[in-house]
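The chain contents come next:
There are 2 protein chains.
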Amino acid sequence: MNERRNFLKKTAIAGAGIAVVPSVTFGMNTSKKSDLVRVGIIGVGLRGTNHLNNLLRRDDVVVTAICDVDSNRIDLALEAIAKAGKKKPKVFGKNDKDYLNLLELVDVDAVVISTPWLWHTRMAVDSMRAGKYTGLEVSAANTLEECWDLVNTHEETGSHLMILENVNYRRDVLAVLNMVKQNVFGELLHFTCGYQHDLRGVKFNDGKTAYGKGVEFGDKGISESAWRTQHSLLRNADVYPTHGLGPVAVMADVNRGNRFVSLTSHATKAIGLNKYIVDNGGENHPNAKLKWKQGDIITSTIETSNGETIIVTHNVNTPHPYSLGFKVQGVQGLTDFDYHTQRIHVEGTTKGHGWEDMDAWFEKYDHPLWKKFGEGATEAGHGGIDFFVMNAFIESAKENVAPPMDAYDAAAWSAVTPLSEVSIENNGEPQDFPDFTRGNWIKRKPYNWMKNTY
Amino acid sequence: MNERRNFLKKTAIAGAGIAVVPSVTFGMNTSKKSDLVRVGIIGVGLRGTNHLNNLLRRDDVVVTAICDVDSNRIDLALEAIAKAGKKKPKVFGKNDKDYLNLLELVDVDAVVISTPWLWHTRMAVDSMRAGKYTGLEVSAANTLEECWDLVNTHEETGSHLMILENVNYRRDVLAVLNMVKQNVFGELLHFTCGYQHDLRGVKFNDGKTAYGKGVEFGDKGISESAWRTQHSLLRNADVYPTHGLGPVAVMADVNRGNRFVSLTSHATKAIGLNKYIVDNGGENHPNAKLKWKQGDIITSTIETSNGETIIVTHNVNTPHPYSLGFKVQGVQGLTDFDYHTQRIHVEGTTKGHGWEDMDAWFEKYDHPLWKKFGEGATEAGHGGIDFFVMNAFIESAKENVAPPMDAYDAAAWSAVTPLSEVSIENNGEPQDFPDFTRGNWIKRKPYNWMKNTY
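Residue numbers (the numbering used here), protein chains in the order written: chain A, 1 to 454; chain B, 1 to 454.
Chain A extracted, bound-state conformation:
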C-alpha cells in the first residue's frame, strides 16, 4: 500500500513513548513586551480543551479566565487546570453573552476562541474591540461581511487577530514551505489542496457519544453535531476551506505580493448524508426525509494575481481515506504529499521520469521549528501541530506583533465559503475576491516563516 508516512510517523512515535512531558525551551527575545501572557479561553469543548492543555504546559502563560455555556465542559476544564497545579481561573458562561464579561477583565491579555462557527467572527470582533490579542479557530467567518468585520476591526482597534490554522505547522507542510522558499520547484504555477475527511460520524451521533454512533444532530445531537451539521443542511458551499488553503496561501505569499483574484465552484449532488442516515437509522427515521443542500464533493478553482491556480476540494459526506491532498507544482518540479502519499519530482535532481520518495527531501528541508521543538511537541495534539500554532500565538502575543496568519489571511481564506456558495448557486459563475488589504498586498512583505523561534 501507499501508506508511506515515515516522516510523519517518526515524530509521533518519538513522542508516544514519553510519559513525562519534556520541558520546552522557548526562544528568547529581548524586545518582547511581556514575559507572561494572561489568557482567557472562550469555548472549552474538545478543541478549546486541547488548547487549554497546551497552554497549561507553558510557564509563560497563565489561564486567568474560561468561558463555556456547557457547565460540563467547564467542570472538565477546571479539573485539568487543578491537575496541572495552576490557579483556578474566573469562570463565565451563564448565557450566550457572558463572554463579553470575560473580555472586560484587565487580567486577560490574549483570548483563544474555539466555539461554533456562527460565533467566531462576532466574538473575535468583540475581543479585538476589548484590546485583546485574539486567536480564532478555523474557519474564521461565515459571510463576506464577516470577513470585512475581522479586517476592519483589526484596523480600527490595532488589536491583532491570528487565525489558528494548525495545518500550517505540519512537519511536511513546513518542510515543503522551506523547499518553496529555497526555490526547489522554481516559479510556482499550481496547487491542489482541500479537506477530504469522512465526517459522517462527526455530523451525526446518538446524543451520548460524540463520534461514530447514531443519526441525530442539532438539538438531539451533542458535540459538533449539535451545531456543525446544520451548515450541511442549508448551505451548498465549501464551509471549511482553511486547512488546505492556509498552507498553500503561505507558500504562494497571498496578501503579501500576491492575492486571490477570483474563483469558480462546482458541487456534486448531495446523496451521502441521506444514505448514511438510511443505512444507520433506517428509511423511516425522521432525518431520512431531510433534503441536504451541501453537495457531497465541492471543487473550487482559485486564480491568483501571480498567475497560479489553486484547486480546493471539500469532500466530507462519503467514505474515503483522510487527506488534505496537497500538490505544489512549479516550472522546475512538483510534490504531491499527504498522509498516504509523499512524492516529488525535480528536474535535474530526480533520476528518470518518475516520482522520487520524499524521505530524504523531508530530512534535508526539515523546518528549524520542528528540528528544535519536534520531540516535545508531539503530545500536543494532531501530531504536534497544536503545540506550534499555540506557540506562535503566545510568542506573537508576548511581543504584541502581527502574527504569522493575520486578519487579512483569516478574511481571504474564509471568503471561500460565501464565494463558493454564490458560484455554485450560479452554475459556476466566477466570483471576485474582495481585496481585504485594500491594495496593500503589493507592498506587504512575506512573514518570516523560516525563523526557529515560533
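Calculated pairs, BS3-like style, for lysine-lysine (alpha carbon to alpha carbon, straight line, at most 30 angstroms):
{"no.": "1", "chain 1": "A", "residue 1": "269", "chain 2": "B", "residue 2": "351"}
{"no.": "2", "chain 1": "B", "residue 1": "181", "chain 2": "A", "residue 2": "293"}
{"no.": "3", "chain 1": "B", "residue 1": "208", "chain 2": "B", "residue 2": "293"}
{"no.": "4", "chain 1": "A", "residue 1": "371", "chain 2": "A", "residue 2": "327"}
{"no.": "5", "chain 1": "B", "residue 1": "445", "chain 2": "A", "residue 2": "269"}
{"no.": "6", "chain 1": "A", "residue 1": "443", "chain 2": "B", "residue 2": "275"}
{"no.": "7", "chain 1": "A", "residue 1": "291", "chain 2": "B", "residue 2": "327"}
{"no.": "8", "chain 1": "A", "residue 1": "351", "chain 2": "B", "residue 2": "275"}
{"no.": "9", "chain 1": "B", "residue 1": "289", "chain 2": "B", "residue 2": "213"}
{"no.": "10", "chain 1": "A", "residue 1": "443", "chain 2": "B", "residue 2": "269"}
{"no.": "11", "chain 1": "B", "residue 1": "181", "chain 2": "A", "residue 2": "269"}
{"no.": "12", "chain 1": "B", "residue 1": "372", "chain 2": "B", "residue 2": "83"}
{"no.": "13", "chain 1": "B", "residue 1": "443", "chain 2": "A", "residue 2": "269"}
{"no.": "14", "chain 1": "A", "residue 1": "220", "chain 2": "A", "residue 2": "275"}
{"no.": "15", "chain 1": "A", "residue 1": "371", "chain 2": "A", "residue 2": "351"}
{"no.": "16", "chain 1": "A", "residue 1": "181", "chain 2": "B", "residue 2": "289"}
{"no.": "17", "chain 1": "A", "residue 1": "327", "chain 2": "B", "residue 2": "269"}
{"no.": "18", "chain 1": "A", "residue 1": "327", "chain 2": "B", "residue 2": "291"}
{"no.": "19", "chain 1": "A", "residue 1": "269", "chain 2": "A", "residue 2": "327"}
{"no.": "20", "chain 1": "A", "residue 1": "83", "chain 2": "A", "residue 2": "208"}
{"no.": "21", "chain 1": "A", "residue 1": "275", "chain 2": "B", "residue 2": "445"}
Keep in mind the hints are simulated off the structure, nothing from the lab.
Fit chain B to the supplied structure of chain A, relying on the hints for placement.
Just chain B now, with coordinates in the frame of chain A:
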C-alpha cells in the same frame, strides 16, 4: 516509492519476451456483414504506422490504400506492408487533397485517419460523405462548428464515425469500468482525469530526431513539432482532453442517460516552454522571444446532468511524471489510479479507514477482453491498448454497427477544447455544452462495453 504498477506491468512483461506475434482468435459473429474489411489509411506518420502494423497482423483486414504527403513515411509504410507479405496498396499523397482520391476508391470500406489535428474533422467528414466506416484519431475537432460537422455528417450520411481513443481500452480503465458497472462505488459523484505528460521534448526538436533534442518547431521542426506546437503558441485551451475524458465519459454514461452540461476552465501563466527554450537553446535563440498563449496547467470542471463533477487537467509544459490522474468516486467508495498509484477504498469491504491496494480488485474485475486477448495484445503498442481500439474499429466496421465511441462522443469530448478556450478568456465564465444528441441522450442506451468480443 509509490510505483505500484504490477497489474499494468504484468501484461507488458508477458508480451515483451515473445518474438513471434501470437495469433489472435477473433470473435465470430454470424450476423456480420463482411468477413473482410478493406482499409484505407490516411496519415502514416508515427501514429498511423502503428495502426498499420496492427492491421497487418489481422487476416480479416486488407490495407488497400495509404495516403501521406511525406514520401519518406510512404516508403516506410510500403516496406512494412511488403515485409508482412501483404499486397502493395494504392498510394496517395501527391498533395494535401489527394486523400479525396483515396476516398473515391470502391475497394476501401473503412478509413483510419491519423493526421495533424487541423485535418481531423475535414477528413472525417469527407470520409463519411464517401460512405466509409471512419476511424478518427484524437482529438477529433478543433472548434464547436467542427464538433457539429462530425455529428451532422454522421446523421446525414448514415456513415459511422469512431473516435480512436485508445486509453478507454487500458486494462486498469476497463477493470474500473467493470467495477462501475457492478456498482462497487455506488451512485457516482466525482471524477478526476487529464493529460499530464511532459511534452517539451515532443513540442521541440532539432529537425532531425523526432523527440528530445533541440528547440525548433513548425517549419524547422519535424514530426509532431511541425504542427502540434503551434497550438501551444496561439491557443489558451485544453487542446487534448480525450485521453482522460474518454474513459470517464464512458463510466458516467455520457450521451447515454447523462450528458456534459457546462464547464469552467482556468489556466496558469505560460512559462514552461520559454524556460525550456532558454535552458536548451539559449536566451538568444529566436524562439526564446515567443509569447506562448497556452497556460502551463489548465483545469476544467465539468458538470453533468446527473449531478456529477469531472475535473480535467491539461499539464504538458513542465517536468513531471506521466499520469492521466484518474479518480472515480461514488457514494460507497472510490479509486485513485494511474501508472504510479493504484488504490481503492470501499465502505464495508476495505478494512479500516485507509487505502487498499488494487491488485486483488484488478484481478477480480479484469475485463473479459483483456482476459481473452491480453497475452497477444501487448505488442500492439501502448501496452496493448492499440490492439483493442483497432479491434473494436474493425469488428464494428465488419458489422457496420455503431462503434463503442461514436460521433456524439467525439463531439462532446472534443468540445472541451473550444469551450475551455472561451471560459479561460473570460476569467472562468461557465460555458454550456451543446447537446450534440439533440435531446436523444435521454433515451439512448449505454453501449455494451462488457462483451468479450470487441
